[in-house]
Each structure stands twice: as C-alpha cells, then as structure tokens.
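J.: Generate the whole structure from the sequences, applying the supplied hints.
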Amino acid sequence: MIKGVAITGMGIISSIGNSVEENYISLIENKIGISQIQNISTVHADVIKVGEIKKTNEELIAELQLSENNNFSRTAMIGTLAAKQAVENAGITSINECRTGLISATSVGGMDITEKYYYKYFENPELVKYISCHDGGDVADKIADELGLKGMVTTISTACSSAANSIMLGARLIKSGKLDRVIVGGSDALAKFTINGFKTLMILSDDYNKPFDNTRKGLNLGEAAAYLVLESDEMVQKHNKKVLARVSGYGNANDAFHQTASSENGDGAYLAMKKAFDVSGLKPSEIDYINVHGTATPNNDLSEGRALLRIYDGEKVPDFSSTKPFTGHTLAAAAAIEAVYSVLAIQNNVVYPNLNFEVPMEEFELQPQTSLKNKNIEHVLSNSFGFGGNCSTLIFSKS
Amino acid sequence: MEALKEELKNKIITTLNLEDIAIEDIADNDPLFGDGLGLDSIDALELIVILDKDYGIKLVDPKEGKSIFQSIETMAAYISANRTK
Amino acid sequence: MKKTYINGVGCISTQKTFDTVFLEEAVVNANDPVLAIVSPVYKDYISPAAARRMAKGVKNGIVASALAMKDANVENVDAIITGTGLGCVEDSEKFLKNILDNNEEFLTPTSFIQSTHNTVGAQIALSLQCKGYNFTYVNGTVSFESALLDAKMQIEGNEANSILVGGIDETGDYTMSLFKLAGRIKKENDLPSDILNTNSTGVVYGEGAGFFVLENERKDSTYAEILDVEIKNTLEENEIESEIIAFLKANNLEISNIDAIVFGFDGNIIFDSYYKNLAENVFAKTPQLYYKHLSGEYDTATAFALWMASKIIKTQEIPEIVKVNLVTKPAYNTILLYNQVNGKNHSFTLLSK
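Chains as they are written, first to last, in this note's numbering: chain A, 1 to 399; chain B, 1 to 85; chain C, 1 to 353.
Please note that a few of the clues may not be correct.
What the hints assert, rightly or not - Straight-line C-alpha distance at most 25 Å; calculated DSS-like pairs for lysine-lysine:
(1) A:K129 with A:K55
(2) C:K3 with C:K70
(3) A:K178 with C:K249
(4) A:K129 with C:K180
(5) A:K241 with A:K150
(6) C:K94 with A:K120
(7) B:K66 with A:K217
(8) C:K314 with C:K219
(9) C:K16 with C:K43
(10) C:K3 with C:K353
(11) B:K5 with B:K63
(12) A:K120 with C:K97
(13) A:K217 with B:K58
(14) A:K192 with C:K97
(15) B:K11 with C:K3
(16) C:K3 with A:K175
(17) A:K375 with A:K3
(18) B:K11 with B:K66
(19) C:K187 with A:K120
(20) C:K344 with A:K129
(21) A:K175 with C:K2
(22) A:K84 with C:K187
(23) C:K249 with B:K11
(24) B:K58 with A:K192
(25) C:K276 with C:K344
Simulated from the structure, these hints should not be mistaken for lab results.
T.: Here it is in structure tokens:
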C-alpha cells in the first residue's frame, strides 16, 4: 500500500454546521440540515426540500468583513469561509512562503447572483459590478485573493464529481513535486437555476431523501463549501505538521453512456473504483467504510449498487452509507464535504448512519448501515458521480 | 383527432429540433422511442412538458410516459381523453 | 520521464482555420466589437440526431477534436481534458431566460443539461466511447493551460499515452450585451480596433475551439514538443520578467534561446502594458507575435495561439499577419507563449521542435 498524500487541514460550511466540529456533532447526533427553502423565493418551495446553509448573504458579508462595494457571489463567500478555516487549521501563516496552489471546484459559480439581477443590470448601474462574478473561475480567484495566495490557481467543473477531481489533481501535483502544498475542495450555493434544472429532470424528491431505499423518489439539493490542505512529506516534516489522514487512492473514469443517466451496470463507477484501488495498492476487502454517492435517485443508487457488487465480486461489501440525508446533494462541493466526513470517520473510528432507509432495494442484497457504528477505520472509500458520465473515487487512509 | 395528430407531429419536430424530418415522415403508429424516430429519455421529459404547457396534463411520475408516448396514436388518444386545455 | 508531443491539431475560430494550409485566408476585422465563428459544415461531422441538442460551442468542440484526431491519425485516446472560461453560454442563457420569463414553469431539461461546463468533454467521450480520464477546467484565461498542464502530467506520470486536449468558448448575445455594459468590450466610438496601438480599454470579443492530440511519441505528424506550462494567479507588472527568466532557467534556457514570443495583446490599454514592457525591453531582439486581432479575445483564445505556434514550428514560417516586429531568426525551434487578462491568471507555455 502506498503512503498517500498528507492532509494537514480542513474547513467546511454546510447545512449541518459552520465548522468541522459542528458538522461532526450533527453527524453523530443525527441532526439533519434538510428543510424548506428559506433564502431563495421559488414557486417550488412547497414541493422540494433543501439543505441550506443557515446564514443569509448579509451575514456572510459581515462575517467576511467584505467592503460595501464587493461583488462576491454566495458561492464565493461560503468558499472563502471554508478555505480560510482549512488554511488556519493547517497552521499556515505565510501562504506564499513555498509553492502553494488552490484547486477549487464549482458548478454554480456566481449564478446565484446572476439570476437575481439578470434583467436588472441595464437599469441599475450599481449592480453592474456583479457581471464579472458570474463565471466559475471567479470563485477561485476571489478565494485566492482573500487568502493572499499568488501561485497556481485553477478550478475544475465536472458537475457532481468536481471536488473529488480537485482533490485528485491536488494529490497528483504534490506527488509529482510540482507543488509543496495545495488547498483543494469545492463550493456551490443553491440557485434557482439548479433547482429548476433538476426539477425538469424529475429527480427531486418532495420528501426527505432515502438513499438505497426501494421507495426512494429522488434527491434533495444542498449547498456547501469545503476545502482540505494537502502537503508534501517534506513540508510535513519541516514544519512538524499533524497529519489528519492521507489521500491514498483516486480514480476518474467516464461512463460514456448518456448525458445525465448512469449506465445500468455502472461501468464508469466500476472503472473509477478500480483505478483508485490500483493507485492505492489496497484490496477492496481492506476498505472499512464506503461513503457512497447515494443521491437517492432511482438511477444512481441502482447503478452505484451494481458497480459496488462488481468490484466486490462475491466478497462482502463493507459497511456503507450516504450522508446526503444529512446535507442534501451539494453538487460540486459534495465530494469535498464527504472528504471531510471521511477524514473525521478515520479520526473518530465511526461509520455514519444512512438515514431514512426502510425498504431494501429489490434488485440486489445491499443494505446500508442505518445506525452510527463504532469500529476501527483504517481506510475509507468515497464515490462521487456527475453528469456527463464523470465518475470519481477517492480513498482516504489513516496516517 | 387527425388535427391533433398533425399538431403533435409538428410540436415534436420543432421542440426536439428534428431538422431533417418532415411531418409526412412520421407515421401515426411508428414507435417514437428506440427504433423508429429514435427519441430518448431526455426527449420524454420534453414531451412531458408539452403535455403540461399545451394540454394542461400534469404527469408526476416520468415512468407513466412510457406507455403514453409509444406513438403519435397513443399520445393523441391520451391527450384527447385527459386534456384540460 | 516521457515527453509530450503535439501530434494533431484542429482549430475552429473566427478566421478560416480549417481546410487551409495555415492563415492564408485570415482577415483582420477591426470594425466589429464581437467576432463570429467561421463555421464548418457540421453535418459532415455530427449526426442530426446528436446535433439537434448541441449549441455552437459543443459543435465547434466536436469538429475541432475530430480534425485533431484525423490530423494525428488516431481513432481513440486514453483521456479527454478540456478548458472553458464561460462554458456553454447559449444554453445557460436559454435556460435562465426561460426560468425568469415563465416564472419557473414549463421548463424543459435540454438546455439545462447542455449548460453544464463539462458538456463538450462528455459529448466527445460519448461519441468516441472513451471511458478514460475526463476533466474540464473553468478558471478564466488559464482554463486551457490547466488542461495542458494536467495532460502533460498524465503523460509524464505514465497515466496516459494519448490525450485529447481542447479549449472552447462561445459567445451568447445577452452575455455580450452585459460585457459591453460592464466595459469589457470596446465601445462603438473606440472602433476600429488597433490592438498594437490601442488608446482605449475594452477588447474585441471572439469565440472558438482549439483541440490537440498530445502523445508520448514523436510521429510524422508531430508539430512540436511541449516543454513546460506554468500558471500563476497574481503577478505584479514588474515581476513578470524575472518570472519568465526563472521559468526558462528551469528548462535550461535563456531569453536568447527563444526564437519567437507570442504575446496575448488584446487592445485593452490598461493591461497591454504588461506585454509592451516586455516587448520593448527584454524581448526587443526576439521575433514577437500576436493573434487576438484575428481570434478575438476570449478565455481560451490561447488555444488559437498554441495552434498558431505549433504550425509555425512545423512550417518554420511566420505569417506576416501575426508579426509585431520585424526581427527574424534563421529558425523557429523554441517558442514561448505568454498571456494574462486584467493582470491576473498569467500563463507561460514553452514549445520546441
């Protein structure tokens, strides 16, 4: 088994907490963040449930101490908060002292602002400043600015696997010696654009999402941001850093089946998991907990379940659960918050419950873990699959 | 019913952007999905919106669409029976 | 460590850059603030069943990638990596307008699905049935260079032998009107645009798709080798020269080894000074090239630049239309490309024969 890349810091803001600590407490106390939507007015308010961060934009502006003429989108604000937490947690005081990068992820970008003011720009000159915060890259640029980071900054946008891909690229940049440390993760705020987009695909549930349940009706959208700091072993030794866990395996593959649906046999998922095992040198049986993508759509859970059975090929599938009943599906940030949860699982030796599960799926014999379980956790596998057949798997290991 | 069928053929061609297909090319009983016209699951969602917007029929479960959208014939029959617009 | 070779290129742009030898049909349009693509015959490359859902960016991406693969004589690749600054603007505009105009009712999924940034990469994977690594980068004007950097790492790390890399951006009417409002695009009375002698802010906007097949072996079709790619988010104007010198030194090269430098001059007087300083000082004796007067400015215009630089190394000739100065060299074997927009997202790309 390879050593893996060191994780030295984490930061997170989601519907179940505004810090790593708060998120963990919610996970072990079954405190979900799903509710009726508050911050966005939409005609669908009564037929959807969402995982909303419990802060308004005004509160975020105040917390970040942004000037009055700022042009931050909500995505950029929650991203900045989480990234700052991670940098502080990693004990970084002089961010450009060595080759440091930021690999971010987003699918919404500044759309949360754009959709508010789309027709209003021409009559309201004071809104024109928001035009440039629309694109995906602006979020990373703003975070880098707030951190004072000058080096390599880029953003990945591959729908729901985005943040996994950021973490993957970050690990590869450290392993290849191109960077000494890198901040990796993603951010997505809720927006009417995505709410309506998913509604047209008819994969939103009007109830609490129930992953891997035979009666599942679809997903609940969520918003969140999370970042981790990865550092080379040289940096860890030099600064005597505490290693929280390691990124030991990763893999990305394409389903090449359909723009939004996953193939029946989960080809892309299977290939991604296989690659992650190859990179880590681990055997599937060595995984203690799988944090599944588990969005609770009819399609994903079936496809992912089949892929898991293929990987385990007759062997028992380890304890697994989806944490999306807690947070909702946070799109480009999903893999990042689930990376934080994976590290916490390793640090605290727990398997989180897959809430809302009642009826096993009829297609196979796979049942998630339904209650909090304490056991030694050496290795965690985390899946994230996005539109465009983009499938990514990460493996985290105890240091 | 004939007028409705022609109307449906027209809507399908325009909404789904089937540039190289004419109304005469779609037979009433031709399968719309799979073989035949070759529409897919995304097209099915588009047709569900047409049912709602133009005929006032709300489908809650996309799977219902499978039998309704088999052909122009089945679509026309369903719409005639259930339209509120 | 394996090397990275550009073995096939494909370019769809606001100039005729397909079915040509090079830029012999290029024409400077200095009068329009937004340039439009010169379209290929899409039907020759994309079936009607597939094309019916695609906005122009996706179609251009598919054609450019097909051209690059044909050029490289490959039928499949191990990985597909793309970069785009604004993503699929047309479909985003369409879906958002529908939401706002119809108060969230009667919306259809196609434009939402097609608006996700990784649509081009996904569609190419679908048509090639390529199940390999597939990433899309979206970070302003380093989107394409991020894809290049990733591809090079894949080849060096033995993770892939052949990779399709591309940069795609499209214009959308409403988005362009917003950019005009925000001052990003040249005002009517600042036209015609004269990029090298600009006295106004704003740029002439463009769109395009530039694709490359990168492989770890030299072939008959090889254009150039990619020696190095670097991305830096923030550099002060007075730090750029030393950054370039350090970049070249890391590759055992000096300024005098550079046979041509490609600058991203875009006619915005505030930030073109970044290039002007270099042009008048450290690169005064180097053949200097520019291209955005042909391609227009957009986040992945640097893919057009890479296409241009690749062709120059292969043909050993620099078209007059892209020359900034009259300096010549006996051979054009090592080319440096430098770009930034609004003083941010700097990229340096080094090519050699």
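J.: Out of the numbered hints, which ones does the structure contradict?
T.: 15, 22 and 23
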